[in-house]
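Taken in sequence, the protein lines are chains F and B. Residues 1 to 337 (our numbering) are what the first sequence spells out, left to right. Residues 1 to 337 (our numbering) are what the second sequence spells out, left to right.
Treat the hints as calculated values from the structure; they're not laboratory data. Predicted, not measured: the structure shown is a model, and the values here were computed from it. Even for Gly, the Cβ is constructed at its ideal location relative to N, Cα and C. Please note that a few of the clues may not be correct.
[As the list claims (entries may be wrong)] Below, a list of computed lysine-lysine pairs in the BS3-like style, where the Cα atoms sit at most 27 Å apart:
(1) F/Lys253 <-> B/Lys261
(2) B/Lys279 <-> F/Lys253
(3) B/Lys31 <-> B/Lys82
(4) B/Lys279 <-> F/Lys190
(5) F/Lys126 <-> B/Lys327
(6) F/Lys261 <-> B/Lys279
(7) B/Lys223 <-> F/Lys253
[To be verified] Partial list, derived from the structure: chain F residues whose beta carbon lies under 10 Å from chain B:
(8) Gly109
(9) Asp151
(10) Ile184
(11) Leu194
(12) Ile211
(13) Glu215
(14) Tyr221
(15) Glu230
(16) Leu240
(17) Tyr241
(18) Lys246
(19) Met247
(20) Ser262
(21) Gly265
[Unchecked claim] Quick list of simulated restraints, FRET-style, between CB atoms:
(22) B/Glu175 <-> F/Ala193: 58 to 64 Å
(23) F/Asp207 <-> B/Phe117: 39 to 45 Å
(24) B/Thr74 <-> F/Lys98: 56 to 62 Å
(25) B/Lys203 <-> F/Ser278: 40 to 46 Å
(26) B/Pro200 <-> F/Asp207: 50 to 56 Å
(27) F/Glu333 <-> B/Glu187: 34 to 40 Å
There are 2 protein chains.
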Amino acid sequence: MSEQIRIAIDTIGGDNGPEVCVKGAVEGVKKNPNVKVYLTGHADELNKYLNNEDYDKDRIEVINATEEISLHETPVKAVQSKKDSSLVVAMNLVKEDKADAVISAGSSGAVLAGGQFIVGRAKGVKRAPLAPLIPTTGSPSLLIDCGANVDAKPEVLVQFAVMGSVYMESVMGIENPRVAIVNIGVEETKGNALVKSTIPLLKECKDINFIGSIEARDIPYAKADVILTEAFVGNVIIKLYEGLSKMILQEVKGAITSSVKSKIGGLLIKSSLLEMKSKFSASNKGGAPLLGLKGLVVKIHGNSKEAEVISAIDQCRAFVENDVSGKIVRGFEATED
Amino acid sequence: MSEQIRIAIDTIGGDNGPEVCVKGAVEGVKKNPNVKVYLTGHADELNKYLNNEDYDKDRIEVINATEEISLHETPVKAVQSKKDSSLVVAMNLVKEDKADAVISAGSSGAVLAGGQFIVGRAKGVKRAPLAPLIPTTGSPSLLIDCGANVDAKPEVLVQFAVMGSVYMESVMGIENPRVAIVNIGVEETKGNALVKSTIPLLKECKDINFIGSIEARDIPYAKADVILTEAFVGNVIIKLYEGLSKMILQEVKGAITSSVKSKIGGLLIKSSLLEMKSKFSASNKGGAPLLGLKGLVVKIHGNSKEAEVISAIDQCRAFVENDVSGKIVRGFEATED
Numbered sequence: 001m002s003e004q005i006r007i008a009i010d011t012i013g014g015d016n017g018p019e020v021c022v023k024g025a026v027e028g029v030k031k032n033p034n035v036k037v038y039l040t041g042h043a044d045e046l047n048k049y050l051n052n053e054d055y056d057k058d059r060i061e062v063i064n065a066t067e068e069i070s071l072h073e074t075p076v077k078a079v080q081s082k083k084d085s086s087l088v089v090a091m092n093l094v095k096e097d098k099a100d101a102v103i104s105a106g107s108s109g110a111v112l113a114g115g116q117f118i119v120g121r122a123k124g125v126k127r128a129p130l131a132p133l134i135p136t137t138g139s140p141s142l143l144i145d146c147g148a149n150v151d152a153k154p155e156v157l158v159q160f161a162v163m164g165s166v167y168m169e170s171v172m173g174i175e176n177p178r179v180a181i182v183n184i185g186v187e188e189t190k191g192n193a194l195v196k197s198t199i200p201l202l203k204e205c206k207d208i209n210f211i212g213s214i215e216a217r218d219i220p221y222a223k224a225d226v227i228l229t230e231a232f233v234g235n236v237i238i239k240l241y242e243g244l245s246k247m248i249l250q251e252v253k254g255a256i257t258s259s260v261k262s263k264i265g266g267l268l269i270k271s272s273l274l275e276m277k278s279k280f281s282a283s284n285k286g287g288a289p290l291l292g293l294k295g296l297v298v299k300i301h302g303n304s305k306e307a308e309v310i311s312a313i314d315q316c317r318a319f320v321e322n323d324v325s326g327k328i329v330r331g332f333e334a335t336e337d
Numbered sequence: 001m002s003e004q005i006r007i008a009i010d011t012i013g014g015d016n017g018p019e020v021c022v023k024g025a026v027e028g029v030k031k032n033p034n035v036k037v038y039l040t041g042h043a044d045e046l047n048k049y050l051n052n053e054d055y056d057k058d059r060i061e062v063i064n065a066t067e068e069i070s071l072h073e074t075p076v077k078a079v080q081s082k083k084d085s086s087l088v089v090a091m092n093l094v095k096e097d098k099a100d101a102v103i104s105a106g107s108s109g110a111v112l113a114g115g116q117f118i119v120g121r122a123k124g125v126k127r128a129p130l131a132p133l134i135p136t137t138g139s140p141s142l143l144i145d146c147g148a149n150v151d152a153k154p155e156v157l158v159q160f161a162v163m164g165s166v167y168m169e170s171v172m173g174i175e176n177p178r179v180a181i182v183n184i185g186v187e188e189t190k191g192n193a194l195v196k197s198t199i200p201l202l203k204e205c206k207d208i209n210f211i212g213s214i215e216a217r218d219i220p221y222a223k224a225d226v227i228l229t230e231a232f233v234g235n236v237i238i239k240l241y242e243g244l245s246k247m248i249l250q251e252v253k254g255a256i257t258s259s260v261k262s263k264i265g266g267l268l269i270k271s272s273l274l275e276m277k278s279k280f281s282a283s284n285k286g287g288a289p290l291l292g293l294k295g296l297v298v299k300i301h302g303n304s305k306e307a308e309v310i311s312a313i314d315q316c317r318a319f320v321e322n323d324v325s326g327k328i329v330r331g332f333e334a335t336e337d
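Sequences and hints are given; from them, build the entire structure.
Shown next, in the form of structure tokens:
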């Protein structure tokens with residue numbers, strides 16, 4: 001595809017300030033010759049950082065936006081009232097077809113609200129799910145939905161399964177991705193009312209490779225490519241993944257530094273452990289896409305650094321180049337016929 | 001309390017065979033002078049193991065039971081039809097007031113079904129929740145409900161909160177235990193329909209110390225003593241805890257054995273790591289109690305060894321001595337007035 005891919009980056013709201021966005025954008029456009037980046041935020045500050053960088057001036061543009069949305073605001077109200085916030089300005093670029101995708105490290109709630117209300121759902125899409133990649137012993141799995149739509153109905157979950165499959169196939173290059181639904185057992189009789197009503201619909205759905213139920217203990221073992229679940233459960237999974245990994249690695253570190261002997265041992269295994277930790281890191285996998293919208297919205301972690309911004313740019317490029325939105329929409333139009 | 005505490009142990013169904021139950025029982029009665037144990041299972045085999053042991057013959061009794069319930073059977077059907085299975089025989093002892101508690105390493109489904117249908121719910125109890133202790137950076141937290149009652153109603157969750165509090169106070173010695181409900185955010189507006197309906201009831205409940213919502217990422221950090229949640233979510237939490245800890249510790253082990261240098265380092269930190277691992281082990285915490293029944297039912301892990309059986313005996317003794325069932329029932333009777 002020779003067309004330019006236009007990505008808006010919301011530079012306010014991340015823990016590490018706008019500088020990581022600027023540096024990420026500079027590297028990102030170097031790496032992806034068909035990408036143009038719009039940086040929304042405090043123009044003076046952004047230009048100050050850009051002045052220190054060597055980059056193609058035609059491919060990074062600053063758009064001034066002065067308001068900030070904090071983590072403590074009610075998301076929907078914030079995106080509706082703060083028209084000059086860096087997030088809303090970035091999302092409006094997609095709405096007005098001046099950009100194809102938005103990347104933000106800001107408040108999850110505001111990113112979800114802005115995605116739904118400013119960018120808007122694509123035709124035929126009932127709900128827009130948030131779908132992060134999670135580390136496993138194999139290649140990462142897509143966890144969908146992860147907090148955008150609690151109490152979703154079975155037919156909504158089926159759409160999520162389709163969107164997740166398209167994403168894993170088109171962006172991650174997984175052929176015929178395996179879809180499994182999170183359940184409390186693998187037998188047919190197991191599940192709550194939602195899961196029991198959803199399974200027959202998943203079996204009937206011809207657009208996915210449904211392999212049945214998955215128990216949570218098997219999620220870290222790469223037993224499925226698309227881990228389908230209702231948003232409340234998905235949110236619990238992603239947050240427990242985060243909290244428990246952090247806690248266990250802290251305990252391992254604590255064990256290593258508990259004596260002189262073990263400290264020496266720790267020095268000898270440090271490089272191997274760091275290699276392992278990088279496998280679990282989100283930095284090389286991009287952010288969590290909010291799927292099913294008229295453009296792509298990518299939520300990156302609040303503490304994202306330059307590497308995460310670059311990965312998210314790669315991710316947006318792959319998403320647009322492979323026409324993931326188009327594939328999703330055409331799939332649902334076909335179903336509606 | 002001078003009265004004898006009578007515990008039935010189902011010796012069939014665990015991965016390690018009846019021998020670990022026999023050895024656990026022998027040590028358990030030595031440790032707890034007021035405990036009597038009934039071992040249900042193949043009498044010949046049990047007596048063979050007992051003949052090798054030195055123990056008070058009045059305090060360990062074998063009761064023959066020849067049928068076995070496998071993991072592949074439909075639990076309710078199995079406990080109804082296999083009257084001579086070691087699990088059903090053990091539970092009938094409680095039903096007939098010949099025992100106060102049952103310990104089983106057999107199929108979770110069968111233990112839950114037997115608890116509900118044979119032992120039976122105590123007066124005023126709407127549902128009987130399964131409530132394992134989970135490891136944290138501090139003292140363990142009680143996760144309630146963990147798979148027994150999917151799609152529970154708000155008033156059922158409130159009862160779980162009360163039962164969990166009584167257990168943590170009476171058995172684990174935690175004064176005024178903090179109760180938190182699993183949620184997708186800590187703000188009042190967050191949650192699914194169930195959680196939003198349950199929070200006001202928890203606030204009104206005078207028998208508990210309700211501290212609000214807890215996000216899954218904080219569960220490993222000992223932020224609450226009773227982690228309240230609907231069974232589907234609780235099942236996902238306990239199984240992800242299990243799978244993710246196992247996976248991360250395997251990856252750490254893999255990193256340590258990846259080179260000669262790191263292998264030497266591994267030898268130096270081995271004892272510290274083992275100490276850390278034992279903190280996460282269930283062996284010293286007893287099994288998962290099924291609360292709200294006419295007697296105590298404790299589900300221990302399928303791969304339990306002697307140490308887990310001994311801990312479960314301690315747990316049953318503490319439960320009965322502290323009259324946890326009585327406290328629960330009286331609490332609910334008071335509420336009903």
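Structure-based check of each hint:
1. Among the hinted pairs, F/Lys253 with B/Lys261 is consistent with the structure: their alpha-carbon atoms are about 18 Å apart, no more than 27 Å.
2. This hinted pair checks out: B/Lys279 and F/Lys253 have alpha carbons roughly 14 Å apart, not beyond 27 Å.
3. For the given pair, B/Lys31 sits about 33 Å from B/Lys82 by alpha-carbon distance, which is inconsistent with the 27 Å threshold.
4. For the given pair, B/Lys279 sits about 32 Å from F/Lys190 by alpha-carbon distance, which is inconsistent with the 27 Å threshold.
5. The suggested pairing of F/Lys126 with B/Lys327 is violated, with an alpha-carbon distance near 49 Å, which exceeds 27 Å.
6. Proposed proximity of F/Lys261 and B/Lys279 is supported: the alpha carbons are some 20 Å apart, at most 27 Å.
7. Only pairs whose Cα atoms come within 27 Å are accepted, and B/Lys223 paired with F/Lys253 is accepted, the gap being roughly 21 Å.
8. With a cut of 10 Å, the hint placing F/Gly109 at the interface with chain B holds, because the nearest CB-to-CB distance is about 8 Å.
9. Interface hint status for F/Asp151: upheld, as the beta-carbon distance to the closest one in chain B is roughly 5 Å, under 10 Å.
10. A hinted interface residue such as F/Ile184 counts as satisfied when its beta carbon comes closer than 10 Å to some beta carbon of chain B; here the least separation is about 4 Å, so the hint holds.
11. Given hint, F/Leu194 at the interface with chain B, holds; its Cβ is 8 Å from that chain's nearest Cβ, closer than 10 Å.
12. Interface hint at F/Ile211: violated, since its Cβ lies 17 Å from the closest Cβ of chain B, which is beyond the 10 Å cut-off.
13. At a threshold of 10 Å, the smallest CB-CB gap from F/Glu215 to chain B is about 5 Å, leaving the interface hint in force.
14. For F/Tyr221, the interface hint holds, the least distance from its beta-carbon to any beta-carbon of chain B being 7 Å, beneath 10 Å.
15. Taken as an interface hint, F/Glu230 checks out: its beta carbon lies about 8 Å from the nearest beta carbon of chain B, inside 10 Å.
16. The restraint placing F/Leu240 at the interface with chain B holds, with a minimum CB-CB distance near 4 Å, inside the 10 Å limit.
17. Taking 10 Å as the C-beta contact cut-off toward chain B, the hint placing F/Tyr241 at the interface holds, the least distance being around 7 Å.
18. Interface hint status for F/Lys246: upheld, as the beta-carbon distance to the closest one in chain B is roughly 8 Å, under 10 Å.
19. The beta carbon of F/Met247 is positioned within 10 Å of a beta carbon in chain B (closest approach about 4 Å), and the interface hint is therefore held.
20. The interface hint given for F/Ser262 is met, as the beta carbon of that residue sits about 4 Å from the closest beta carbon of chain B, less than 10 Å.
21. A distance limit of 10 Å between C-beta atoms decides the matter here; for F/Gly265 the minimum to chain B is near 3 Å, and the interface restraint holds.
22. Checked against the hint of 58 to 64 Å, the pair B/Glu175 and F/Ala193 fails, with Cβ atoms roughly 38 Å apart.
23. A hinted range of 39 to 45 Å holds for the C-beta pair F/Asp207 and B/Phe117, which are about 43 Å apart.
24. For B/Thr74 paired with F/Lys98, a C-beta distance near 59 Å keeps the hint of 56 to 62 Å intact.
25. About 44 Å separates the C-beta atoms of B/Lys203 and F/Ser278, a value consistent with the hinted range of 40 to 46 Å.
26. Checking the proposed 50 to 56 Å range against B/Pro200 and F/Asp207 shows it is violated: the Cβ atoms sit about 42 Å from each other.
27. Look at F/Glu333 against B/Glu187: about 38 Å separates their beta carbons, and that is inside 34 to 40 Å.
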